[in-house]
Structure formats: structure tokens, C-alpha cells
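Enquirer: Given next are the chains, with one letter for each unit.
2 protein chains.
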Amino acid sequence: MDQEVKRRVLRLLTYGLYVLTTRHGDEISASTVNWVSQASFTPPLLMLAIKRGSRTHELIERSNTFVLNILGSDQKDVAQSFFKETTVEGNRINGLPFEPGPITGAPVLTELPAWVECKVRSAVKDGDHTVFVAEVVEVGLRRPNAKPLVMWDTGWFYGG
Amino acid sequence: MDQEVKRRVLRLLTYGLYVLTTRHGDEISASTVNWVSQASFTPPLLMLAIKRGSRTHELIERSNTFVLNILGSDQKDVAQSFFKETTVEGNRINGLPFEPGPITGAPVLTELPAWVECKVRSAVKDGDHTVFVAEVVEVGLRRPNAKPLVMWDTGWFYGG
Numbered sequence: 332m333d334q335e336v337k338r339r340v341l342r343l344l345t346y347g348l349y350v351l352t353t354r355h356g357d358e359i360s361a362s363t364v365n366w367v368s369q370a371s372f373t374p375p376l377l378m379l380a381i382k383r384g385s386r387t388h389e390l391i392e393r394s395n396t397f398v399l400n401i402l403g404s405d406q407k408d409v410a411q412s413f414f415k416e417t418t419v420e421g422n423r424i425n426g427l428p429f430e431p432g433p434i435t436g437a438p439v440l441t442e443l444p445a446w447v448e449c450k451v452r453s454a455v456k457d458g459d460h461t462v463f464v465a466e467v468v469e470v471g472l473r474r475p476n477a478k479p480l481v482m483w484d485t486g487w488f489y490g491g
Numbered sequence: 332m333d334q335e336v337k338r339r340v341l342r343l344l345t346y347g348l349y350v351l352t353t354r355h356g357d358e359i360s361a362s363t364v365n366w367v368s369q370a371s372f373t374p375p376l377l378m379l380a381i382k383r384g385s386r387t388h389e390l391i392e393r394s395n396t397f398v399l400n401i402l403g404s405d406q407k408d409v410a411q412s413f414f415k416e417t418t419v420e421g422n423r424i425n426g427l428p429f430e431p432g433p434i435t436g437a438p439v440l441t442e443l444p445a446w447v448e449c450k451v452r453s454a455v456k457d458g459d460h461t462v463f464v465a466e467v468v469e470v471g472l473r474r475p476n477a478k479p480l481v482m483w484d485t486g487w488f489y490g491g
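One line per chain: the protein sequences are R and E, in this order. If you read the first sequence in the numbering used here, its first letter stands for residue 332, the second for the next number, and so on. If you read the second sequence in the numbering used here, its first letter stands for residue 332, the second for the next number, and so on.
Hints may contain errors.
Which copy is meant is left open, because identical chains are indistinguishable; a pair holds if it fits in one copy or across any two.
As the list claims (entries may be wrong) - Pairs of lysine-lysine residues, derived as DSS-like cross-links and limited to a Cα-Cα distance of at most 25 Å, are as follows:
{"hint": "1", "residue 1": "K382", "residue 2": "K456"}
{"hint": "2", "residue 1": "K382", "residue 2": "K450"}
{"hint": "3", "residue 1": "K407", "residue 2": "K478"}
{"hint": "4", "residue 1": "K478", "residue 2": "K337"}
{"hint": "5", "residue 1": "K450", "residue 2": "K337"}
{"hint": "6", "residue 1": "K456", "residue 2": "K407"}
These are calculated hints, taken from the structure and not from any lab test.
Just need the whole structure built from these sequences, with the hints factored in.
Expert: Here is the structure:
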């Protein structure tokens, strides 16, 4: 397989951008992710691939819960701020206000248009990421007319 | 959980559109799918959620292989033609020409800009779909400058 063609072809897949937050005890992690999709209607499930060895991966494994915060189309700067290490000060993560998710306590970022609270049901450890299959246990919609941030509109890639 | 809010929030996830083809012996199935993402760089893996009980699901389970054909932004009509049942006539599926994938023999749709040939490594049966985690074993790029079809540009939804 030609590695350059593989890189170019896999970069033709389409993604949104999200901030994944997770909490275990006093520890909190938040990071921008894009390898995300729904995986079932009934019950509602998501599938996500998260890099092994990352802090976010560790806290998902320990808590078995997370919140997927959906970025708005005007929040590329917010996406960027979650590429760096997580800093929690008071009720802010990397400068953004949060409150605990109602079911899991994982952080809900209140300035993002929508959020999905999840409990992990299974995990496939293969390659350099883990595929988590998780049940949607609560949702919130703060900006009903918001359009989501699409990876194509950022000029960024994660894939290939 | 409010079911209407759940539907609206899950419909904020961003997807591409693809034609998934699979073959077992003389049997061929092709269908338009969108619950797809990369799941690892090394080795390159994809994750897909495929509806249980569908013909495509059955043939993936039996062959353990498939091709993900990436639709171009000008191919909404092609996406639509694979919503219906698969009809194979000569070297055409639902009217579109194909050739066997080099590694798996699963159909490569030659009018689509790019394709990814995969071998299934694991499956998570949960909810009404199965999550397949599959290794990318070969790729092809026919239209290097093509832009992919994005679900938002079709007005369609599959999710919620």
C-alpha cells in the first residue's frame, strides 16, 4: 500500500469537531476530538476513537463516563484552546466555564451549543487508539440554531 | 432524557457519505453509509456502525471484508441510488461500474473518487447496529482533486 496515497485518501473522510471532557474524582481532562460517530439509535450509542496514552483516555477508562461537547461553527478558537494540556481554575477549564453533567458529573462546557453525556459500554483496544462504544444518557441544547464546526472549515486534519 | 432534544442534538454530529460494498462468493451488497470514522493511524483502522439485519451487515459478517467508496461532492444522485436494494448486472451495481478490489475482491466503484479496502478485525454488537473495527489493507485515488460529499450539503439525516 502506497503510504502517501493512504494518507491522502483517509484525509477525504469528513468530520465534525468536539471537546471531550471527562472527570474522575478531582481529576479533569478535556481535549478536542473528531473521530466520533453515532453507532445505534436504540439505545442511542456513540463510538469514539481516543488516543491511547493520553490523559483523556486514562480518565475515560477510570470513570467510564464522558461528555461530548459539540462546538459551534464560530468556535474554531475554542477547539484550538483544547489542543493544549488541561488547566482547571475554579469553574473554568482552559478559560471556559463548565458545570457538572447531571448524570455523570463530567464537565459540560456551558458556552458550547450542545452536549451529550455518555457512559461507556465497551472498548476495543486495537492500533494506537481505543474505540469506546458508549450510551447516551443525557443531552442538552443551549443554542438551538447553532451550526456545528466542521473540520473542512478549519483547514486542520486529524487522520490519514 | 427528552427524546426530541436527543434527536436534535445527535443530528448536530457531522458526517461524510460513502458507498460501502461487500462480496461473499457470488453475492454482492452495496449501500450508502455515514457512521464512519478512522480509528487508528498505526495500523490504519476504520470504525463503522452498520445496521443489523441488513444485507450489507450479513455479507460483511460472512466475508469479513468490505470496500468504503468515498463519494464526490457532485455525487448526491449516486448516494441516493444506493439507498435501494442492490442490483448487479454484468460489471455494474445499481448502474455503476465496478471492478474487484485487489486484496479482498469486494467491489470498487470506479466512478467514485477514492476507495478504501478493509478487513474486519473486531465487531461490537450493541444496540441496533454493529460497530466493525477494520484494517485498511489497500487504497485507491482516482480523482486526486475531488472534494468529498458532506451530509450537511444533502439535506439528509441519518442519526438522532
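Enquirer: Of all the hints given earlier, name the ones this structure violates by number, lowest first.
Expert: 6
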